[in-house]
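A.B. asks: Now for the letters of each chain:
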Amino acid sequence: MLENIHFFGFSAILNFVVSITFSILVLLSNSKSKLNKRFSYFGFFVALWSLFYFFWSQGIDFVYSVISVKFLMIASVFLPYLYFKFVTTLLKKEYKIKNLIFLISSFIFSFLILDNKLFSEYRQVDVFNFWPYAKPLFSFYLIFWFLVSSYSVYLLLRSFRKADAVLRSQIKYTLATLLVAIMAGSTNYFLWFDINILPYGNIFVSLYVIIMSVAVLKYEMFNIKIFLTELFIFLILFVTLTKIFLSVNAVDFYTNILVFVGILISSFFLIKSFTEDQKQKEILQAQNKKLEYFNSQLKTLDERKNEFLNIASHQLRTPVTAIKGYSELILDGVYGEMDDKVNKQVLRIKELTDQIFRLVTDMLNISRIEENRLSYHFEKIDLNNLIYEICKNFEWNAKQKKLSFEHNISKEEFIHEVDKTLFTQCIENILDNSIKYTEEGGVIATTYIKDNKFYFECVDTGIGIDKGSLNNLFSKFSRASNAIKSGIDGSGIGMYLAREIVRVHKGDLELYSRGENKGTKALLFLDLDN
Amino acid sequence: MKKILVVEDNQDLGEIYKTLFTANGFDVHVMTDGFKGIVEVVDYKPDLVLLDIMMPNMNGVEFLKTFKQNTSLDIPIVVLSNVSDEEILKEAIKNGAKVTLAKSEYTGKILVDKIKTYL
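Line by line, the protein sequences are chains A and B. At position 28 of the first sequence the residue is numbered 28 (my numbering), and the sequence of numbers has no breaks. At position 86 of the second sequence the residue is numbered 86 (my numbering), and the sequence of numbers has no breaks.
The hints are simulated quantities; they were obtained by calculation from the structure and are not laboratory data. Where a beta carbon is used, it is the ideal one built from N, C-alpha and C, also for glycine. Mixed in with the good hints there might be a few duds.
[Unchecked claim] Taking beta-carbon pairs under 8 Å as the criterion, some of the chain A residues facing chain B (in silico):
| # | residue |
| --- | --- |
| 1 | T318 |
| 2 | T321 |
| 3 | V334 |
| 4 | R514 |
Let the sequences and hints guide you as you build the complete structure.
C.D. replies: Here it is in structure tokens:
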């Protein structure tokens, strides 16, 4: 019998064996997985096609061959549909209407095949005794095959860009499978149109199994690694067990028993370690997914926080502007003369609203920095004069706390390009901090130029910074632990924001303190090299 | 006496600007939305308009567009707003505003001095 099988019969039977084995393995390894099911259905139809191809190619008698060619063509009609189903499962998508259209079309073509509408009349071509002639409708079958396959390719390519690394590899292998199937299978169609090229490509159909096997091993496409290992071990055990019963003498018998027991024990540990590894991997994957989920949640929360900061600070500005406006009108005597005591308290209201403004502006700028929306408008300004004016505004704050406030701001004009509003905010944040955290003594503010750098230095005799907190003070919402203990209110964003702004001005901000209750020195500098 | 039209929907701020500019020797009318502002600008013919951006009925940018398209009056318009969206502020300038000032920065005497430079 075997010597009668020609090359094309052999390639068909090889395809059948390889496809059916691989499909069964994929299905058995995880029969609950949709992806495994879909792939094995595709494989089963390739196997069916190969089996009937074998029967037909042998051409034993006319009726037998005609039935076989019809069934092999029906199996072939369903292949693009089954491939489409596999692709949509891999991409986790559902196309109900297209699915229905492809399925109905496949059935229609099957009926047309059975009814001899696609091909009829047979002739002998080379080793094929009964090769059919294509009818005009046969071209529609080819077009259908091409269109459905192309649509699956389109879906794969469309998802490729957004896919993660693993899915990308799986898509690549799925595409390669189709390419191999088309290239190998297409060699069948020349003879239909009287082109004398024999279907040598069929032998390569089994290649898709090899490609998918690589996908399985490298990217765990169908999760059958454990199953394959177990199967291989059981096969070895079965062979060694059989050898025991086939032993020819006592020595052979005992040797075979020893080999069997040895393999049995090592197999046990091998499977155990393999299963544990797999479990660990699954746990890691699950944790990874959880982490990804929490990460995306955190990002959303952060975006919402920024949005809230943005809205809250905007909404706060209008009433605060009104409070400031009324207090200024009262202080200007627009509503009549007030005694000094009332005036003093209204002045305090005005100062407090300025504090709120600084805080609101800081919050607004933080949300802008984080969304990369903070824009700078640089203009040439006399920095010494600007800082002098800011210091003048803080004199009252220092006086209220009975602190000395010495500002040795150089009288010399020093023109430099800065964003006036944001730079003012930096200086205000530094001065505000120094006065706020100093209960006795005072504050000295100085400006000078040294080593081609412009310096603004603010030294106070305040509560200082404990060593543990010094490095964290430039983090957002971070405050020194001794500052928190002191009970003085603070948001922990002033220094963070000041440094962010100064850095855009090609400078930096540094804080120095010898420890708790030993005062603080804030040093802001701008690089003048550029 | 120079006339200032304040177009501001917040009643407190409207009151503050009215009091502030009146105390500094101006004649002041306050309108609470852009639509009323446009009607008033034709009747009152102010020397300067102080315009808010975020307002009901007709916002500041719509006010500027309507003013530009429908009148031939040459009145300086100063935008005074807490809006920080650069795009909106740029659009205001594009549609004829002389300058955009932040409400929170320009208060009291600083605001009066600034406004005087546009008269």
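A.B. asks: For every hint, state whether the structure bears it out.
C.D. replies: Each hint, compared with the structure:
no., hint, verdict
1, T318, "holds (6 Å)"
2, T321, "holds (5 Å)"
3, V334, "holds (5 Å)"
4, R514, "violated (37 Å)"
When held up to the earlier numbered hints, the structure conflicts with hint 4 and nothing else.
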